[in-house]
Amino acid sequence: MNEAMALAIALPLLGGLVAVVCPRRGHFIGNLTLLLNAAAAVWLLSLVMQHGAASQLLGGWQAGLAISLHADALSSSLLLLTALVGLAISVYATRYFHSSQDATRFWPLWLLLVAALNGLFLSADLFNLYVTLELLGLSAVALTALGGKRESIKAALRYLMVGLLGSMGYLAGVAILYTAFGTLDMQQIGARINVNPASEVALVLMTAGLLLKTALFPLHFWLPAAHSNAPAPVSAALSALVVKAGFYLVLRLWTEVFPEAISPQGAVLIGALGCAAILWGSWQALQAERLKLLAAYSTVAQLGYLFIGLALLVSVEEGVTRDILFGAVVLMALTHGFAKSSLFLAIGVVQQHAGHDRIDQLDGTAQRLPATTFAIALAGVALIGLPPSGAFLGKWHLFSTSMEIGQWLLVAVMGIGSLLAAAYVFRVLGHAFGNAAFASRPVNVAAEEWPALALGLIATLLLGLGGAWIWQFLEVVA
Amino acid sequence: MTFDALLLLDMLLAAMMLMLAVAALHSHSLRQGIILFIVFGLVTALAWARLRAPDVALAEAAIGSGVAGALLLAALRDRKPRKQKTPMARPAWQVLTVTYLVIGLALTASWAFLDAQANHAGPRLGAMVQAELANSGVANPVTAVLLNFRAYDTLLELAVLLAALLGVLALGPERTAPRAAGPVVTHLVAWLTPLLIVTAGYLLWVGAHAPGGAFQAGALLAAAGIVVRLSGNPHTGLPSGVWIRMLAVAGCGVFMFVGLASMSGGANLLQYPADWAGTLILLIEIFATLAIAASLVLVYLGGRPESWSSGGKNARA
Amino acid sequence: MLGIVLAALGLQAAILQQDAIRRILAINVLGVGVFLVFIATAYQGADAPPDAVPHALVLTGIVVAVAATALALALQRRMESSDVDADDE
Chain L
0 MNEAMALAIA
10 LPLLGGLVAV
20 VCPRRGHFIG
30 NLTLLLNAAA
40 AVWLLSLVMQ
50 HGAASQLLGG
60 WQAGLAISLH
70 ADALSSSLLL
80 LTALVGLAIS
90 VYATRYFHSS
100 QDATRFWPLW
110 LLLVAALNGL
120 FLSADLFNLY
130 VTLELLGLSA
140 VALTALGGKR
150 ESIKAALRYL
160 MVGLLGSMGY
170 LAGVAILYTA
180 FGTLDMQQIG
190 ARINVNPASE
200 VALVLMTAGL
210 LLKTALFPLH
220 FWLPAAHSNA
230 PAPVSAALSA
240 LVVKAGFYLV
250 LRLWTEVFPE
260 AISPQGAVLI
270 GALGCAAILW
280 GSWQALQAER
290 LKLLAAYSTV
300 AQLGYLFIGL
310 ALLVSVEEGV
320 TRDILFGAVV
330 LMALTHGFAK
340 SSLFLAIGVV
350 QQHAGHDRID
360 QLDGTAQRLP
370 ATTFAIALAG
380 VALIGLPPSG
390 AFLGKWHLFS
400 TSMEIGQWLL
410 VAVMGIGSLL
420 AAAYVFRVLG
430 HAFGNAAFAS
440 RPVNVAAEEW
450 PALALGLIAT
460 LLLGLGGAWI
470 WQFLEVVA
Chain E
0 MTFDALLLLD
10 MLLAAMMLML
20 AVAALHSHSL
30 RQGIILFIVF
40 GLVTALAWAR
50 LRAPDVALAE
60 AAIGSGVAGA
70 LLLAALRDRK
80 PRKQKTPMAR
90 PAWQVLTVTY
100 LVIGLALTAS
110 WAFLDAQANH
120 AGPRLGAMVQ
130 AELANSGVAN
140 PVTAVLLNFR
150 AYDTLLELAV
160 LLAALLGVLA
170 LGPERTAPRA
180 AGPVVTHLVA
190 WLTPLLIVTA
200 GYLLWVGAHA
210 PGGAFQAGAL
220 LAAAGIVVRL
230 SGNPHTGLPS
240 GVWIRMLAVA
250 GCGVFMFVGL
260 ASMSGGANLL
270 QYPADWAGTL
280 ILLIEIFATL
290 AIAASLVLVY
300 LGGRPESWSS
310 GGKNARA
Chain C
0 MLGIVLAALG
10 LQAAILQQDA
20 IRRILAINVL
30 GVGVFLVFIA
40 TAYQGADAPP
50 DAVPHALVLT
60 GIVVAVAATA
70 LALALQRRME
80 SSDVDADDE
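Residue numbers (numbering that gives the first Met the number 0), protein chains in the order written: chain L, 0 to 477; chain E, 0 to 316; chain C, 0 to 88.
There may be inaccurate statements among the hints.
As the list claims (entries may be wrong) - DMTMM-like mimics (lysine to aspartate or glutamate), calculated; alpha carbons at most 25 Å apart, straight line:
1) L:Lys148 <-> L:Asp101
2) L:Lys148 <-> E:Glu305
3) L:Lys148 <-> C:Asp18
4) L:Lys148 <-> E:Glu173
These are computed hints drawn from the structure, not numbers from a lab.
Next comes chain L alone, as it looks inside the complex (with noise of 0.2 Å):
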């Protein structure tokens, strides 16, 4: 298990570090590395399935003076995603990227934002999620940067200003919290903390933080600008992984270190923030007249969903419903993962065809470019929450625990953003399918389109029809 987890984040330091100085190998180091890192992810995973949850303290030294390190049911899936979706946006890349000198300047950089994705996924202690995500959040700069245009360099310096204004609250909280409990270690503070002004003022920095760097309505103004200017590679990573990583930090802090600190009214504050973000960003979507844009605003809708997933969460009592609840979420961010990321490559494919993602003038691209066409419908999918999609069984349970605690706003706003969703996907498939000024063949690049296709089958059928599977998962785990 030591070895596991250790793999995973030095697999991926060591590529990038190795792409540095040996440049003009990027595309095999970098698959390579991906390869190697999908082996290693599978087989964490299987060893958690097998034995449970475990940590490991870094160095040997005694818990709390050590850094620890914790792989459990909901790190490990995130992995697994990252791993997955990371293999995809490499294959992809390796065409994307045409000039050498793009590639040189791609590879390092994402080697080093999957490292901090693994590291940050992996980690127990507070200071040390701190350095994760600043690694995360440099890299993600520097990669949106690599768009070159103007847009793209104003776009990551919000980004950049953005994100530092998040880890700055962040530490803050941490300070509160290590001057309050001594400790850096969240199982520490988690069995140490109660309910004072310091624990509250420190959650709420903290979780501020996080937010801005989740781009939760309304502190999501830097997203849509980054996400839609940056290379579609990069634009898949920002959009599936990284906004879950600020998420997933979210959902751990509640859960396991504040548990008691939450109150009811800073649940329905999350909730609230939710609505608006999924009917926001819905709209944003359903107007927008670029492709990278529209699915820009879907992630901030989508992100609603999996906020209100969470004020859910800490609202019910422990027990049968909040384990199927804490399920739904995982099973949406997963999904969400590899849906967004199926869209994002399939847009860059449509873009490098077309030579632009205007989505009125995209007629005729089923014609052209139908694998991704089908790679765009089955994203849709799984975006709006149809059956079989992962989403739909997540939605299903949301919604279902809504109604149960008599939260009808969340539902009206929940199928609200669904109607919304469908609408901004079919338009997209309608001009998709429309009819060519003139026919014609349609282009066969498998190498190009499959990552984008297989991504989302994974979204819409596996893990639809494999759903359950994460239920017992984390009831086996946890």
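Fit chains E and C to the known structure of chain L by using the hints.
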């Protein structure tokens, strides 16, 4: 008597920090603001020293003031001296709202912090550090924490520096080097550079049992590089091609290797064998210092130097 | 305490200032403020040795802050060189 004098000094430091911060952030000219910021950093270093944090004081002076200051001044110089459009002042209601919100936040945070200090439950980690110090291989507790107890953080931190470096390199070519300086500066630099290098080496060595260590040493070494650059040397003393790239990753890389190697005996990641700990730490620190220095000089260059991507001889853009 | 005030100053300026370099300065001041809170916690009086863990954390924080500053400045430089005489932003 002594007590009063020290208290007075502390209050003076605090007041200076506040005034400098306000002045730096709200000054009319950006150049003045940056210079005030540098002074702010130095006063902060004094404050750290007064709070018995000498390692932090050294790092703040070298990195927080020195390198950051150099970067900021270089950035200012980059700005084309075109007619600066005076930005529209923010509407008053925005300024007031944000200010009040921030004040409210600060008051809440202060209340929380004071409460935390008053009611803190249980000992902090300092006692544990002191207890295990003997087993860590070094005598300086801060070095022990950085490179042994919480070595993983430092490993990732080196990766953060690398990520920033890669980002800067990806954005464009380096700034043009300053013209070769006149004889006075050249002679000064010739005298200053070896001094800086030796001091850096000293800091690295002494970090094991006194304030110092890899970061401070790396910053001083970077200062040597910056000074060489400022005297007009286009190569800035850095090697080229694959060597510079290896140098940049060496810190993180060696750290990682040692960490993984220590697992071969069935131990946890980064668990050094007890009798090798001191040597391993020194090894890691040496490479970390070099990597930090190289990275800081490279980001000071502001972009990709010609030498970065060359295979040694012919440079590719 | 001083740390919180400094952090507040930095935060206010970071939100309100429009020029990128000023914002970077502000974020750095904010950082120093937070670090001060950490070091204050570490201080155990004039006799006992201070708690070394926050010192290490702040050291890490300083390096991270400089790295982020470098990246931000490079981004700003690239942006400024790409607008010849743009009028917006």
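Hints that the structure is at odds with (numbers, increasing)
No hint contradicted; all consistent.
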